[in-house]
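Q: This is what each chain is made of:
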Amino acid sequence: MNRRRRERELDEEIAAHLAMAVADRVARGQNPKEAEAAARRELGNEAIVKETTRAQWGRGSFERLAQDVRYGLRLLRRSPGFAAVAIVTLALGVGANTAILSVVDAILLRPLPYADPSRLVVLLHDGRNPVAPANYLDWKQRSRSFESMGAAENWSANLTGGGTPEKVPALLLTPEILPMLGVRPALGRFFLPSEGVAGQDHVVLLGDGLWRRRFGADPNVVGTSVQLNGQPYAVIGVMPPGFLFAPFWTADSEMWAPLDLQARAASREGSSLRIFGRLRKDVSLSAARAEIAAITAVLERDFPGTNRRVTVTPLHEKVVGNVRPALLVLLGAVGLVLLIACANVANMLLARSSARQREIALRAALGAGRGRTIRQLLTESLVLAALGGVAGAAFGAWSLKALVALAPASIPRLTDVHLDGRVLLATFAASLATGIVFGLAPALQASSVHLQDALKEGGAAGAGREGGRVRRVFVAAEVAIALVLLVGAGLMTRTFLALQAIDPGFDPRGVITFEVSVAGTRQAEPGRRSVLYRQILERIAALPGVRSAGAINHIPIAGDVWGFPYRIEGRPRPGPGESPVAAYRAVMPGYFASMRLPILRGRDVSAMDVAGAPGVVLVSDYLARHSWPGEDPIGKRISLDGTDDDPKWVTVIGVVKDTVRHEWNDPPEDEFYLSVLQRPGLVASSQSQAAYLTFVARADGDPAALAPSLRAAVWKLDPTLPISQVLTMDQIVASANARARFQMLLLAAFAVAAALLAAVGIYGVMSYAVAKRTREIGLRMALGANPGDVLRLVVGQGMAVALAGAGVGIAAALPLARLMSSVLYGVRPTDPATYAGVALLLLAIALLASYLPARRAAHIDPGKALRAE
Amino acid sequence: MVDQKPYQNPIELLQGTLDLLVLQTLTWGPQHGYGIAHVIRAGSRDALQVDTGSLYPALHRLEREGAVASEWKTSENKQRVKVYRLTPQGRRKLTQERSRWDRLMEAMSGVLDAAKEPEEA
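Protein chains in written order, with this note's numbering: chain A, 1 to 869; chain B, 1 to 121.
It cannot be assumed that every hint is accurate.
With a straight-line Cα cutoff of 25 Å, these simulated PhoX-like cross-link-like pairs (lysine-lysine) come out [claimed, not checked]:
no.: 1; chain 1: A; residue 1: K648; chain 2: A; residue 2: K636
no.: 2; chain 1: A; residue 1: K33; chain 2: B; residue 2: K93
no.: 3; chain 1: A; residue 1: K140; chain 2: A; residue 2: K50
no.: 4; chain 1: A; residue 1: K167; chain 2: A; residue 2: K140
no.: 5; chain 1: B; residue 1: K82; chain 2: A; residue 2: K50
no.: 6; chain 1: A; residue 1: K716; chain 2: A; residue 2: K167
no.: 7; chain 1: B; residue 1: K93; chain 2: B; residue 2: K82
no.: 8; chain 1: B; residue 1: K73; chain 2: A; residue 2: K50
no.: 9; chain 1: B; residue 1: K82; chain 2: A; residue 2: K636
No lab work stands behind these hints, which were simulated from the structure alone.
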């Protein structure tokens, strides 16, 4: 019952008493005025009556809590240094955990934004490689495990009309896919089954971002027509905000158009499809896997080499699979930081409660019960934890923003990341739990103090040996945890350095690249492309500040990689699906020189290697060495197209140094380089999407400064040409290593925080020990110990704790580091140099942290120390 | 409850007595504060004047201890009054207090009666 209501009821109760007394007197014949006066006299002092009555209520638990909280806050205000350090420590731990946990929750734990996403699966070769149309159609027709199955293919289209031409990343989808995801369009409708057919397929769905950016969020856009690759497409709908479907392509798709497979229905070679399926409710993943395995085994027998190693992977796993280990490592690291923070705060609380033994004893002597004392101390640590939690929430919100801003764009679902209420609640609860658990220990310890001892000895002895030991154990644990984190950060740094040391084959410094797309423009016709490409190259090479220029179909790292089967002259003809596959590159003269990618033997393509001239090709060193071991590859011939009986041979004119392909640390593989001028359509089968080329220019100075003049040069030739991906090669290389750098930075930040906290812990314990032993040290010095001895004594004690912690830390780090081997590169998880370096660093920090209090101890004046207390 | 202050009001010495009287009064049925005071005074033929400043603290303390419970009712003359009644716990307390009182009376009269004897002897 609340206090105010009780007050009101008491007033009413007394008023009723008075009223009845007056009424009785009036009934006995007294006149009302006299009756009232007499009744009041009889009642006595109303205020005192109420006051003594109220005194019987006892104080409500809420009021007692409020009182404790006020008292706790007052105490914290009285020692602002202690409060600040404790709150900042907790805020660090809680904040970092909030941020990382939010990321982990958004990326790993929260289901994908589709209906019943757990039943969505992806069918690929080897878990990553795309599928040929005929295989997909066979799987779809023969399987029974799926409610629905559909295919998606990467696409991009030049959007022209209304503003600058833009290359928009997009996907082609069979009509099954969108309904399978269980989403609805925000406006309009999805594809009709009849629209998955050539001739009917010029319809498009817009993404929310594109709709707002290019169409001003105009709802009337549905039903109108837009120009894509120079063709009219009817807009049939707009997807809702937050809809994402480009599950594992690097660029977020912003448009979706129907995928027509009819023309390619019999093809088992051109693999470009990603297959999605929704499992039937009564079918388990393993049953579906078994069924697909059985179907593909039959297909593999009928069409050898086409149905090998087909995997059925849950979509969620496919989307987040490659960041899971890294995120779990970070989660573990940040959890350890929280542990250290808790240990530090617990330590400070312990030290403080020891220092306050006298006060506690006094309270006990004045009649405060043990429970009351415990509650008081607990309230104090909870107030501290709550303040730390609030500060941590603020810090977490801030650092989450920083985290998302710094994170490499290749991390999936990054746009889903936001500060989550549940996460905030959980970390706040963790902070409060810290307050309870680590506030309780000192409270119990303090409340069991012998009154007389504590009062007599003025708090010095009362701290007890036990408290000192507990604190040293805490500090040793902090050192151990900090060491584990430093080992992680050290290994990640070594990984990053090893990645930096990889020779990409070319020199990225001073190079700028941009992509020009001719799809849908008047330049799309292959004959005209050669002319255009040549003109662009001439114009940009002539720009001031450009040393040389060239072009390639797919720039390493940022560009696509097409595998293409080839055949070597004079070797037995490979069976179907058994041809060796090499990366398909096509270059304009000057590419190798501009990238400083050395031609090891032979020559570059030249302006003479045009359509009609004898076919030429350069091959990668790796391909040359294993295809013609010990032989000179120059003059050898390979075939990329033509028929089996009439292969079109091209002659090897050069060998190029191996270069990185897509992943920065991919091993070298087979690559060949054709002449763009000889094949302006790029691929003989003339895929219309291949109507783009990436130009590279080596600058004299800052390459980024060239961007405007490069654009102007291209648009002078044709203002309708979309230019995209204007990036320096340094940026491209940095993006390839962005994830490793990100992990390294985060782990390093955690490790530095951990080492600092551990240093604070050591410093705190040693300072406290020195302060407590002032008298003893003074006595030693009076008996002849010199300052050096005292210094050694104190530092030795601090280092003993640090060494014990470091030993435990190394023992713990060895198995833990092994867990992160999947994110390491070029360094073993047991790398002795890292361990030794980290241990030395930590011991140096510990030395410094115990030297400062030791110096103070060495300067103690024995006379004063002995007189003190 | 540990911070409960010592009972400080002037009638402290009579606390046990007043409790006993209040509990006894309530055995005859629920009653409000004024009614209890009235019954005690009438029952003692005005010998015992119950001080309001002792009665209400006692009632509130007995209520907190669980010996009595209260509820708000409207009296015959439309007065809203807080009516107290005895709880089972209150009944037990009454029995205890009563026997303590009886023992005290017995002991006191024993002493007082014995004190007379030497005079007679």
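Q: Each of the hints needs a verdict: does it hold here or not?
A: Consistency of the hints with the structure:
no.	hint	in the structure
1	K648(A) x K636(A)	13 Å, holds
2	K33(A) x K93(B)	42 Å, violated
3	K140(A) x K50(A)	85 Å, violated
4	K167(A) x K140(A)	32 Å, violated
5	K82(B) x K50(A)	15 Å, holds
6	K716(A) x K167(A)	19 Å, holds
7	K93(B) x K82(B)	22 Å, holds
8	K73(B) x K50(A)	21 Å, holds
9	K82(B) x K636(A)	112 Å, violated
In this structure, the hints that do not hold are numbers 2, 3, 4, 9, in rising order.
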